[in-house]
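With chain A held as given, fit chains B, C and D onto it using these hints.
Just so you know, the protein sequences line up as chains A, B, C and D, in that order. Each residue of the first sequence is one higher than the one before, starting from 1 at the first, in UniProt numbering. Each residue of the second sequence is one higher than the one before, starting from 1 at the first, in UniProt numbering. Each residue of the third sequence is one higher than the one before, starting from 1 at the first, in UniProt numbering. Each residue of the fourth sequence is one higher than the one before, starting from 1 at the first, in UniProt numbering.
Don't read these hints as lab results, they were simulated from the structure. Please note that the accuracy of each hint is not assured.
Identical copies go unnamed one by one, so any copy, or any two together, can satisfy a pair.
Straight-line C-alpha distance at most 25 Å; calculated DMTMM-like pairs for lysine to aspartate or glutamate [said to hold, decoys possible]:
1. K75 <-> E40
2. K200 <-> D356
3. K201 <-> E261
4. K201 <-> D309
5. K99 <-> E261
6. K200 <-> E261
7. K99 <-> D363
8. K99 <-> E73
9. K99 <-> D204
10. K75 <-> D356
11. K99 <-> D167
12. K99 <-> E39
13. K99 <-> D193
14. K75 <-> E261
15. K75 <-> D100
16. K75 <-> D46
17. K200 <-> E61
This structure is a prediction, so every number in the text was calculated from the model and none was measured.
Single-letter residue listing:
4 protein chains.
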Amino acid sequence: MAGNSFGELFRVTTFGESHGAALGAIVDGCPPGLELSVEEIQRQLDRRKPGQNRFTTARREADSVQVLSGVFEGKTTGAPIGLLIHNSDQRSQDYGAIKDLFRPGHADYTYAHKYGHRDYRGGGRSSARETAMRVAAGAIAMQWLAQHGVMIRAGVVQIGPHQTDVDAATFDWSQTSQNPFFCPDATMATACDEFMRALKKEGDSVGARVLVEATGIPVGLGEPVFDRLDADLAKALMSINAVKAVAIGDGFAVAAQRGSEHRDPLTPTGFSSNHAGGTLGGISTGQSLRMELAFKPTSSITIPGTTIDTQGETQEIVTRGRHDPCVGIRGVPVAEAMVALVVMDHWLRHRAQNADVAHSFPDIER
Amino acid sequence: MAGNSFGELFRVTTFGESHGAALGAIVDGCPPGLELSVEEIQRQLDRRKPGQNRFTTARREADSVQVLSGVFEGKTTGAPIGLLIHNSDQRSQDYGAIKDLFRPGHADYTYAHKYGHRDYRGGGRSSARETAMRVAAGAIAMQWLAQHGVMIRAGVVQIGPHQTDVDAATFDWSQTSQNPFFCPDATMATACDEFMRALKKEGDSVGARVLVEATGIPVGLGEPVFDRLDADLAKALMSINAVKAVAIGDGFAVAAQRGSEHRDPLTPTGFSSNHAGGTLGGISTGQSLRMELAFKPTSSITIPGTTIDTQGETQEIVTRGRHDPCVGIRGVPVAEAMVALVVMDHWLRHRAQNADVAHSFPDIER
Amino acid sequence: MAGNSFGELFRVTTFGESHGAALGAIVDGCPPGLELSVEEIQRQLDRRKPGQNRFTTARREADSVQVLSGVFEGKTTGAPIGLLIHNSDQRSQDYGAIKDLFRPGHADYTYAHKYGHRDYRGGGRSSARETAMRVAAGAIAMQWLAQHGVMIRAGVVQIGPHQTDVDAATFDWSQTSQNPFFCPDATMATACDEFMRALKKEGDSVGARVLVEATGIPVGLGEPVFDRLDADLAKALMSINAVKAVAIGDGFAVAAQRGSEHRDPLTPTGFSSNHAGGTLGGISTGQSLRMELAFKPTSSITIPGTTIDTQGETQEIVTRGRHDPCVGIRGVPVAEAMVALVVMDHWLRHRAQNADVAHSFPDIER
Amino acid sequence: MAGNSFGELFRVTTFGESHGAALGAIVDGCPPGLELSVEEIQRQLDRRKPGQNRFTTARREADSVQVLSGVFEGKTTGAPIGLLIHNSDQRSQDYGAIKDLFRPGHADYTYAHKYGHRDYRGGGRSSARETAMRVAAGAIAMQWLAQHGVMIRAGVVQIGPHQTDVDAATFDWSQTSQNPFFCPDATMATACDEFMRALKKEGDSVGARVLVEATGIPVGLGEPVFDRLDADLAKALMSINAVKAVAIGDGFAVAAQRGSEHRDPLTPTGFSSNHAGGTLGGISTGQSLRMELAFKPTSSITIPGTTIDTQGETQEIVTRGRHDPCVGIRGVPVAEAMVALVVMDHWLRHRAQNADVAHSFPDIER
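Excised from the complex, chain A in its bound form (with noise of 0.2 Å):
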């Protein structure tokens, strides 16, 4: 396949360019009889869309959602569900300056070469604009977890040299929703205040670490060996644009850990702890997943920059368009999303495979 696809039985294919005339995708699988808000699918895309704040991209998109299929009387019916999304304000004359420069840190190069042509405005497919059918689809899922008991919530957790200092444990989470930067600390969201008008000032962008959580999990989700949970997160994560790193439970911290500190024990009312992040063997535990996420810092700056032209001679460059100076930020709905398309897909499956399954093993509490 040629990779605009997600999912093997809750199925996302996604087309649409920045500059182009539309974003869509198909959503196959969706279980028929779910009652789906198209107001909450756009609720989450209104998180995501750009121009809501000073510190996202200027362009102007209502990224207003039809459903165009499988929706009856206001349940899906089992028939793959047709999204739209119309683009209003292409702005495609903005990057005329550098229509034969490849932008450093920019896909521009490796689909030029992949591909054999330039489409240069505004990074073609290539740009984050896409996500939004993500956001779409992802939202979707949602509305199905959320009948069984799941819910999906992520924050930023670090911007350039601000980090939050609460643990994940004790997140106000209802603080995302009170500043610019989806930030569960209000210290730190104001601490990114002023350190991103500075830094939009200077015209240069940051990076952007971000924790993604899922509560209410049912035991049993991922198919090993290679099919595992944590295996499909990483990926569904790392397909972001800008994401460069992923983490489960303690990532990275586990280099540096002994089995005995590492392991989560076991009792009758449930784990004592979750270093785990939520899988073991590639499976849910019951317990929270919890994923950390890095983006990178946009490459598209003010500040002058070395690159080649399409003749491969030297050349300065300076990226104006209207770019997010922090990507990661209008990451966080888009990796919220993501998870739910991991979790919901693996929750077909197991039932494929499981259904008939019966024990009597101890379901520990959470």
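Only chains B, C and D this time, still in chain A's reference frame:
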């Protein structure tokens, strides 16, 4: 699918349990005409096989591989390649003492709940013994890739508190075959030797961090938007037993970087740095791929821990059996194999869609 | 997967119901650089579209297709191609009378039981209206294939008691655009005209048999052992609404043949016959592909029939609405499209594995 | 994928050549907890195995199957099931005389061109010997299906000029084990006995037609629009060596039928006929599935024929070796196995998406 296949066009499917009769794999999609050296497959298996030194499990397995099909007169035919390794040293009796206990940090609990039964013999399908077949299949991919100029190497760069000071760019890779830790830094290897002896005496285990580098990668591999090369690498590496984190290029450090610092300048003679780790927009740049992954400490240790039994009662557990005190060490050839499988698969996928592409863009020196 | 995708590497995913807002498709995997004519896609849709003559449904749909992505400056980019057709002439009220009845010979009963609800409006997803998107996607494949020398043509060779006497090898294919039946035999077409007028008066429907021929196929397409070219053609054709049988080459007649009669001799200037229909061992021989398929008579007729309602009570049913008296007729462009999708997909699959193959075997003239 | 896997959720992957060391398969996705009888797998293999009577090849193979994984204490575990059969009676020397000739009607020519080399030993991967693994895998599916009330049976209903007069609805299925032709009609079997003796003396071969029936199928299996149950059955059956045509229900006869004649009326106690063959809209109706398929006469005969050699020169060919004069006979257990694989796979797919569906529609008696 139930999770035991990897890859789309170069597709590996495996079977076999730790204490079953045999392990096997089918490699489907290998191009015909490849001169295949069974000795070279065996050599890779020997690098991974247990019982080779004091720092790996004492289990003795010849891990002698048979190639049952797909090769005629020394060359691949294009038909599927059947691989088989018989198990010989299964001491299931070792596991009698923990027959009814869920080992903390182990897949016992999740497998039991997912499948409704317990195969207590050494972890059954969840055992890292399964990775022998990944190494065998990867060794086939490596032979094809070697003919196309690609080389894949990995090394242990951290064990517990000990990390290498050497810069990856200046590694002496030949060191990795000179010490039992696949460590590219002789000084670190010496420190680890002492550390591991003490650890073994205590009956504890330890985590590790592994670096993988692939050179000779052409520009253009990777299928946006979901099957990005880095996304599939992340899945491949996270699917290895005990892995909890994966990074490409600068990894989590990008969260603290600025765009002006992170972006890799292009010059007529090549990129002048490699913060990206060899991919932009999910497509290979032609630079070396550079990844890191973290292995957790194995959960099978002799230091007593707390758990429950299959009746839900609290119990103390001590896992004797024969286990690796640091699973990250033998994870090195497995990580190399998984990267080989991803690169090979994407090579075939790339040429399926883009075999006709002709362009005049500059191919800068890597 | 939930069944709405077709193909591995040239992959089409569709959505849309007969009486919903729109039909759509995503074509993923199209090689970049193809000059794509939207007019030609529309021309193929126009061949299939309803309301063109007295022998097809009276429903009026412009079936005007939009290409929303994947094309830049007239050429495909390698990104997924989004296709959209808005529905305009949905007269759902036609279906009020049969809202609670299961039409015999129709998918009503099976959809209701599979998905747990009824979309009585013209069949919903089960309607042949869905095939418009197959034709649009197939028209893209045909354009690529045409540049590689492949031509795909189909014609109606039987309607009820009327069959053509002309031998397939001597068809005048231009005839198929001269009569409303896509019939390559003018004499048969004349007979059918009278027959169909009488049939329509009676309110009955009739079956049909269609022949498809693909010329210019290279030797080597098809992936044994399961994804043989003929196996995938059989699936493709049987997946068209109302199709009940598929044959390659001599089809069911082979049961009566002897080996000395069936085998096609090879000579230095080509095979001297084509009983095989263009495949041996599931791989194309380089000869023309020759297939036949049979369409059942549509179940939506005004002659009263026996059925049950959603309460399980016996009822008499008369289906008015607007229906094709012979669905096989409009099945012609659909069959051509499905063959195009299969050939295109296998072309890409073949070169993925075998792009490197060099040999000195004779390529006999076809 | 390179074509050696079948099924989405109950997935079979096979390897092995006619004259290689062994045949093998991996069955992935079998639900855990199934009591698996290896004897029953062997019994099915014995029905297919060569050398059992004068009308099949004289090659002697024990076809003794080993189950290497996925089963613990007599029950499936949910892990992949590894299957192995060693070849024993490979007489490759038989093929020396045709080493450089392309057998007409055989896969020689196409395999050589696709893969760039010749494995002249009995057809290599293209040999029907490969179907042993389909039977073994199908026998696992059949055991699961039998516990769910499904039974799959096939019989030869035509060999050359001899067809059964008996109506399928009144077959005495027990007859199929009473004669060497799997024929459900004793009279036809007697006629065939004489016919086949004469044919063998002449050194010729003959085609056959096989009928398959599956009873106990629940309503609702099949995934529209592409992965219809009938479409996947068509692919499964057409993928068997030598099959040239597949029909569901009335098959090609529907081309001559009228809607008023073809549609199967629904009554409170069931459908009153089964022209459809058990599917409507590509979804099972709950009636029996009824299919027919045609096998061509094998090309390996001793009557001289015309061909070319690998240099492109005209040659006369006589194929000695050990071959079935009517491959359709041993195709009977293979056809049953393929139907079992399709039904099993669709059962799992159906419950993945629709496990939650509740409705009050009438389930009419089948």
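Structure-based check of all given hints:
1. In this homomeric assembly, K75 and E40 come within 25 Å of each other (Cα to Cα) only inside a single copy, at 14 Å, whereas the closest approach across copies is 37 Å.
2. Taking the closest pair of Cα atoms, K200 and D356 never come within 25 Å of each other, the shortest separation being 57 Å inside a single copy and 43 Å across copies.
3. Within a single copy, K201 and E261 get their C-alpha atoms only as close as 46 Å, which misses the 25 Å cut-off; across copies the closest is 17 Å, which meets it.
4. Taking the closest pair of Cα atoms, K201 and D309 never come within 25 Å of each other, the shortest separation being 27 Å inside a single copy and 61 Å across copies.
5. In the homo-oligomer, the alpha carbons of K99 and E261 lie at most 25 Å apart only across protomers (23 Å), although the nearest pairing inside one protomer, at 54 Å, exceeds that limit.
6. For a Cα distance limit of 25 Å, the shortest separation of K200 from E261 across copies, 15 Å, qualifies, whereas the shortest one inside one copy, 43 Å, does not.
7. Proximity of K99 and D363 under a CA criterion of 25 Å is satisfied inter-copy only: 18 Å between copies versus 59 Å inside one chain copy.
8. For the homomeric pair K99 and E73, the shortest alpha-carbon distance between copies (14 Å) is at most 25 Å, but the shortest distance inside one copy (48 Å) is not.
9. For a Cα distance limit of 25 Å, the shortest separation of K99 from D204 inside one copy, 21 Å, qualifies, whereas the shortest one across copies, 59 Å, does not.
10. For a Cα distance limit of 25 Å, the shortest separation of K75 from D356 across copies, 14 Å, qualifies, whereas the shortest one inside one copy, 27 Å, does not.
11. Taking identical chains as interchangeable, the C-alpha atoms of K99 and D167 are never at most 25 Å apart, the minima being 46 Å within one chain and 37 Å between chains.
12. Taking the shortest alpha-carbon separations for K99 and E39, neither the intra-copy value of 39 Å nor the inter-copy value of 29 Å comes in at or below 25 Å.
13. When the C-alpha separation of K99 and D193 is checked against a cutoff of 25 Å, the pair qualifies neither within a copy, at 33 Å, nor between copies, at 56 Å.
14. For a Cα distance limit of 25 Å, the shortest separation of K75 from E261 qualifies neither inside one copy, at 48 Å, nor across copies, at 36 Å.
15. Within a single copy, K75 and D100 get their C-alpha atoms only as close as 49 Å, which misses the 25 Å cut-off; across copies the closest is 19 Å, which meets it.
16. Only within a single protomer do K75 and D46 lie at most 25 Å apart by alpha-carbon distance; the minimum there is 23 Å, versus 33 Å between protomers.
17. Taking the shortest Cα distances, K200 and E61 sit within 25 Å of each other inside one copy (21 Å), while across copies they are farther apart (52 Å).
Hints 2, 4, 11, 12, 13 and 14 from the earlier list are contradicted by this structure; the remaining hints agree with it.
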